[in-house]
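Respectively, the protein sequence lines represent chains A and D. Numbers in my numbering are just positions in the first sequence, counted from 1, shifted up by 6. Numbers in my numbering are just positions in the second sequence, counted from 1, shifted up by 1.
Heads up, a few of these hints could be off.
The calculated DMTMM-like cross-link candidates involving lysine to aspartate or glutamate, where the alpha carbons are at most 25 Å apart (straight line), are [stated by the list, open to error]:
(1) D:54 - A:128
(2) D:54 - D:14
(3) D:31 - D:72
(4) A:72 - D:17
Some chain D residues near chain A, calculated using beta-carbon distances under 8 Å [as the list claims (entries may be wrong)]:
(5) 21
(6) 42
(7) 45
(8) 46
Honestly, the hints are just simulated from the structure, not real lab data. By construction, the Cβ of each residue, glycine as well, lies at the ideal position given by its N, Cα and C atoms.
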Amino acid sequence: MTRREVVVTGLGATTPLGGDVASTWEAMVAGRSGVSALTQEWAAQLPVRIAAQMKVDPSEVLDRVKLRRLDRSEAAALIAAHQAWTDAGLVDAGVDGERLAVVVGTGIGGAVTLLNQDDILEASGPRKVSPHTVPMLMPNGPAAWVGLELGAKAGVHAPTSACATGAEAIAWALDILRAGRADVAVAGGTEAVIHPLPIAGFASMRAMSTRNDDPEGASRPFDKARDGFVLGEGSGAIVLETEEHAKARGARVYARLAGAAMTSDGYDIVQPDPEGHGTVRAMRAALRDADVAASDIMHVNAHATSTAVGDLAEIFALRRAQVSNAVVTSTKSMTGHLLGAAGAVESIATILAVYHGIVPPTINLDDPDDELTLDVAAHKARYLDIPAALNDSFGFGGHNAVLVFTRS
Amino acid sequence: MTTRDEITTGLAEILEEVAGVNPDDVAEEKSFTDDLDVDSLSMVEVVVAAEEKFGVKIPDDEVQNLKTVGDAVSYIEKASA
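Start from the sequences and build out the full structure, keeping to the hints where you can.
Here is the structure:
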């Protein structure tokens, strides 16, 4: 039996660079930063006072009453998913709900709802706690809302694997489509935890950049002066279809999702394995799954979060997997780290890189690390032919997810 | 002393805030669920907000008897008398 091929037919996003895919991509190619100073009163006491906040607040898109029952991460996911659905030309296209699946995950979920409602509990007592609290904070909430609004009945799933979540969601959707359990899948990730507690937690781990006086220069993957990641928020969603389904309806195809792989390190709860065994295995397995040679990968959208250890470990892993001809970039230099949404937004960047033949730049790479042995698109976008590209995502917990997109 | 009209107006404000109901649609004969599209979770919000606004207690086992705006107005009127 031949394998069912899977293609990308719709893209949607709301990010620190723009409220949709077009504005996000335009800003990426231009090398603009989405990071700014946190001006909220609560930020003053924190060691980290910068973040990449959504450029277009969900309140500008969704109505007030609807937002009362949505965690910010759910609102972002709905915005991204509706865009992707529209972009794919599926509004009123009569997709059979029983053949439509949703896989949308989040790294942290409705933590901000939990914290806000706890404030209400402490101040005003249990009767004042919103009846929407549980569906707002549950980590399957974003997937469930997307499924509900698009009418998905082939299953609604919410993988959680920290910063690998968005990519894992796409990998799981590929499996669902290949296995014949659905013809169309909306996959992606979402995150919105710009709040003092998660920031304090990450800051206590010494994982975040404290370049508070230079927000736009704070996220600097592969640069010698990198000092940690910058927290971002947003969501990305893509529409995946079996090639047969896409062809039958004459859909525009951005790229093929040729292969995917997920591995786990089994090394440490937060530290990446310095030997990179798990990441190398994921890269090799994804290439094998896609039937693409490592030397044919012309572009990598790296996970590279701007941390001392992680950025180089990824470069070493790519070398060991023999991905040596690729122009590498880290779009996190512009978006910040979207945690559970990162893999989804970066997949969109990878897909558009393949589609347009443009590698968005890694900004702030002024002084490359001496051990940086791959070609990184520093400062300026590169224009090149990209028949095949790779998107890496790794997460706390030792999750590694690697996706291979090829030109259709 | 609050009149029935004042209670209805107060409820309409709460319904607009909580569930996006157009105040012009709020009248005593209207059913919360069938006419005004207020679901069970929003109804909880309406009840809690009404308790605060009118200084009354509306026990949970009473809420199921409040089918229409008029039912709620009568209950609040009686409870605040």
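Status of each hint after checking the structure:
| no. | hint | verdict |
| --- | --- | --- |
| 1 | D:54 - A:128 | 21 Å, holds |
| 2 | D:54 - D:14 | 10 Å, holds |
| 3 | D:31 - D:72 | 10 Å, holds |
| 4 | A:72 - D:17 | 12 Å, holds |
| 5 | 21 | 3 Å, holds |
| 6 | 42 | 4 Å, holds |
| 7 | 45 | 4 Å, holds |
| 8 | 46 | 6 Å, holds |
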